[in-house]
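These protein sequence lines map, in sequence, to chains C and F.
The first sequence runs 13 to 224 under my numbering.
The second sequence runs 18 to 415 under my numbering.
Rather than coming from a laboratory, the hints here were simulated on the basis of the structure.
Watch out, some of these pointers could steer you wrong.
Stated by the list, open to error - Derived pair list, reagent style DSS-like, types lysine-lysine, alpha-carbon separation capped at 27 Å:
id	chain 1	residue 1	chain 2	residue 2
1	C	LYS65	C	LYS107
2	C	LYS14	C	LYS35
3	C	LYS65	C	LYS46
4	C	LYS45	C	LYS220
5	F	LYS395	F	LYS378
6	C	LYS107	C	LYS46
7	F	LYS169	C	LYS206
8	C	LYS178	C	LYS206
9	F	LYS169	C	LYS14
10	C	LYS206	C	LYS14
11	C	LYS206	F	LYS30
12	C	LYS45	C	LYS65
13	F	LYS375	F	LYS387
14	C	LYS14	F	LYS378
15	F	LYS337	C	LYS206
16	C	LYS114	C	LYS130
17	C	LYS178	C	LYS142
18	F	LYS337	C	LYS14
All values reported here derive from a predicted model rather than from experimental measurement.
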Amino acid sequence: MKPLRIALTKGRLENDTVALFEKIGFDCSAVRKKGRKLILPVGGNRFEVVLAKAADVITYVEHGVCDLGVVGKDTILEQGSGFYEVLDLGFGRCKFALAGPKDRDFFSGYSSKTIATKYPNVARNYFESKGMDVRIIKIEGSVELAPLLGLSDAIVDIVETGSTLKENGLEVIESICDISARLIVNAASLKIRKTEIESLAEEMDRAKEGTA
Amino acid sequence: MKKYNKVTPEGTKDLLFEECLVRRYVEKTLRDVFFSRGFNEVVTPGLEFYDVFDPNFSGIGQEVMYKMSDRRGRLTVMRPDSTMPIARLAATRLQGLPKPIRLFYTQPIYRNNPALTGRSDETVQTGIELLGADGMRADLEVIVTAIEALGKCVPDFRFELGHAGLFRALAEQPPISDDLREDIRSAIESKNYASLNRILDGLEESGPVTAMRTLPRLFGGEEVFAHAEPFCSDEKSGGMLEYLHELYRSLSCRGLGDKMIVDLGLVQRNDYYTNIVFSAYVEDCGDAVLLGGRYDNLLGYFDFPMPAIGFAINVDAISKIMLDHGTLYSVMPADVLVHGETGFEMEALNYASTLIEKGLKCENSIFETKEKALEYAKTRGIRRVDCIGDRIETINLT
Numbered sequence: 013m014k015p016l017r018i019a020l021t022k023g024r025l026e027n028d029t030v031a032l033f034e035k036i037g038f039d040c041s042a043v044r045k046k047g048r049k050l051i052l053p054v055g056g057n058r059f060e061v062v063l064a065k066a067a068d069v070i071t072y073v074e075h076g077v078c079d080l081g082v083v084g085k086d087t088i089l090e091q092g093s094g095f096y097e098v099l100d101l102g103f104g105r106c107k108f109a110l111a112g113p114k115d116r117d118f119f120s121g122y123s124s125k126t127i128a129t130k131y132p133n134v135a136r137n138y139f140e141s142k143g144m145d146v147r148i149i150k151i152e153g154s155v156e157l158a159p160l161l162g163l164s165d166a167i168v169d170i171v172e173t174g175s176t177l178k179e180n181g182l183e184v185i186e187s188i189c190d191i192s193a194r195l196i197v198n199a200a201s202l203k204i205r206k207t208e209i210e211s212l213a214e215e216m217d218r219a220k221e222g223t224a
Numbered sequence: 018m019k020k021y022n023k024v025t026p027e028g029t030k031d032l033l034f035e036e037c038l039v040r041r042y043v044e045k046t047l048r049d050v051f052f053s054r055g056f057n058e059v060v061t062p063g064l065e066f067y068d069v070f071d072p073n074f075s076g077i078g079q080e081v082m083y084k085m086s087d088r089r090g091r092l093t094v095m096r097p098d099s100t101m102p103i104a105r106l107a108a109t110r111l112q113g114l115p116k117p118i119r120l121f122y123t124q125p126i127y128r129n130n131p132a133l134t135g136r137s138d139e140t141v142q143t144g145i146e147l148l149g150a151d152g153m154r155a156d157l158e159v160i161v162t163a164i165e166a167l168g169k170c171v172p173d174f175r176f177e178l179g180h181a182g183l184f185r186a187l188a189e190q191p192p193i194s195d196d197l198r199e200d201i202r203s204a205i206e207s208k209n210y211a212s213l214n215r216i217l218d219g220l221e222e223s224g225p226v227t228a229m230r231t232l233p234r235l236f237g238g239e240e241v242f243a244h245a246e247p248f249c250s251d252e253k254s255g256g257m258l259e260y261l262h263e264l265y266r267s268l269s270c271r272g273l274g275d276k277m278i279v280d281l282g283l284v285q286r287n288d289y290y291t292n293i294v295f296s297a298y299v300e301d302c303g304d305a306v307l308l309g310g311r312y313d314n315l316l317g318y319f320d321f322p323m324p325a326i327g328f329a330i331n332v333d334a335i336s337k338i339m340l341d342h343g344t345l346y347s348v349m350p351a352d353v354l355v356h357g358e359t360g361f362e363m364e365a366l367n368y369a370s371t372l373i374e375k376g377l378k379c380e381n382s383i384f385e386t387k388e389k390a391l392e393y394a395k396t397r398g399i400r401r402v403d404c405i406g407d408r409i410e411t412i413n414l415t
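The shape of chain C in the complex, shown without the other chains (with noise of 0.2 Å):
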């Protein structure tokens, strides 16, 4: 049988990850010193680790040309879901947030909203959920521009510590939910090959309990 094959999400998750699967005692030699490759091996043969960009992640397991994914909430949230997310990593910890300048009611007023975000499929769920009708910019960059150019009443964005927002005079306004790293699994894949995607996932967990 071929080997399960599982995206990492390039940079924090895939270090947290590596770290992680040499906690459980699989070689991860050839992730450590990869060079330019982007498909290499893990625990012997037993795995391949691909290495992408979050959304990227996503995509290949929605397909089926992964097995499973290391991949944000935040970027799950954003793309949807096709897929099973079957555990909370732990790592990876932030929040989606509401954010606005100091002191000022963002709620207040009946005129309506301008957010600039990254997440325009997050944002506009969130203010759906309110039965707020808001115009949503999205924002390629740094998003706390924005309000302070005047071209936003408020940003939706991930916070982690909220310095850079008080370094720039906003303020959280209000959380909109918690944010860690999933282990998300292929429908097909997990039906074909329950036995080795379970025992991984529990040893994952088992794992990640010793590192909290």
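Chain C is fixed; fit chain F onto it per the hints.
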């Protein structure tokens, strides 16, 4: 203005040669299975009124349907599903027929998928519907037909059984809002244990709550039934579990062995299914290639209530798997090229007819000279050229 005359819309594609061969082979193979079990073919229109697929009933979101309007401004859609139109057809036109009614279909469905995801908006499906039949015999017949049909095309697959009623029976017990019930359903569907536990931790612990907590983990082989038994203690869910187990036991007699799986966490929203549900998975294909189940309330939507069960197979997915595995041979060149000399054009065509009657595949030469015909035959890999003039000359090329 930019012209789009050389491309096809996203989500659609042309099929060429081998792709057509495989697709027709799959269609014919499956058709033969259905036909020989007494199912008769129906074709429903590509265009239907939107009301046939009312999202509240069909579970098909309105954003997914390709919509147009007819001459009187009424909303029409390109068929997004075949079961709803067949239920409409049976409820309106087949009322007088003795039950059960066995129908099958092979036709494309259209769905407007999100952009740039690589999904097909046009998918050929073939499937059966067994209408006006309830109970174990009907369920077994349809499932065995599904397994037999699939097995003729792809030998290696996993067949999964579940029960759409089980979650409903459990979820209706605790006093919770419909919204919360939907959150629970969605967490079970995506096997999101973390979020499921978070929701259920907020509820008072009871039999059904514990059962729902366990539901997404209840999948695997026959051992699942034993694991599930303590959670399905009330009469309703216990009865469903027992029925599913009986079905499983009967089916495992067919030597399916470890190909059969049970998933009690199958709780799709896209649902007219009321009772047993089943699906099939093949390696290298990220989606189910077969989906089916019992839908006893659907005919009632068309004011002619009767129980029914059916399934649909994704012909395109099966064809792609067979192509990728090289299961079918490629398109073969003609056996003979028939070339008529000047003045013998009609004779050549008649001669070709006699060869075709003998079972040969014949191409007609449209070239003026024998040399050009021979040259063409060589480039096409045709090994024999018959020249028709005063006499018939056969030239064998190597």
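Hints, verified against the model:
1. With a C-alpha separation of about 20 Å, the suggested pairing of LYS65(C) with LYS107(C) holds against the 27 Å cut-off.
2. Taken as a hint, the LYS14(C) and LYS35(C) pair is honoured in the structure, with Cα atoms around 24 Å apart against an allowance of 27 Å.
3. A threshold of 27 Å between alpha carbons decides the hint, and for LYS65(C) with LYS46(C) the separation of about 16 Å falls inside it, so the pair holds.
4. In summary, the hint linking LYS45(C) to LYS220(C) is supported, as the alpha carbons are separated by about 24 Å, within the 27 Å threshold.
5. Simply put, LYS395(F) and LYS378(F) have alpha-carbon atoms about 16 Å apart, close enough for the 27 Å limit, and the pair holds.
6. With a CA separation close to 31 Å, the supplied pair LYS107(C) and LYS46(C) exceeds the 27 Å bound.
7. At roughly 25 Å between alpha-carbon atoms, LYS169(F) and LYS206(C) fall within 27 Å of each other, so this suggested pair holds.
8. As the CA atoms of LYS178(C) and LYS206(C) are separated by approximately 47 Å, the hinted pair breaks the 27 Å bound.
9. Of the pairs offered as hints, the one joining LYS169(F) and LYS14(C) holds, with about 25 Å between alpha carbons and a cut-off of 27 Å not exceeded.
10. As the CA atoms of LYS206(C) and LYS14(C) are separated by approximately 14 Å, the hinted pair is consistent with the 27 Å bound.
11. Between the alpha carbons of LYS206(C) and LYS30(F) the distance comes to roughly 34 Å, so the proposed pair goes past 27 Å and is violated.
12. For a cut-off of 27 Å, the pair hint linking LYS45(C) to LYS65(C) stands: about 19 Å separates their Cα positions.
13. Between LYS375(F) and LYS387(F), the direct Cα distance comes to roughly 24 Å. Compliance with the 27 Å bound is thereby established for this hinted pair.
14. Distance hint between LYS14(C) and LYS378(F) is unfulfilled; the C-alpha atoms sit about 42 Å from each other, more than 27 Å.
15. For a cut-off of 27 Å, the pair hint linking LYS337(F) to LYS206(C) stands: about 24 Å separates their Cα positions.
16. A hinted pair counts as satisfied when its Cα atoms are at most 27 Å apart, and LYS114(C) with LYS130(C) qualifies at roughly 21 Å.
17. At most 27 Å may separate the alpha-carbon atoms for a hinted pair to count; LYS178(C) and LYS142(C) meet this at roughly 26 Å.
18. With a CA separation close to 20 Å, the supplied pair LYS337(F) and LYS14(C) stays within the 27 Å bound.
In the structure shown, a violation is registered for the earlier hints numbered 6, 8, 11, 14, in ascending order.
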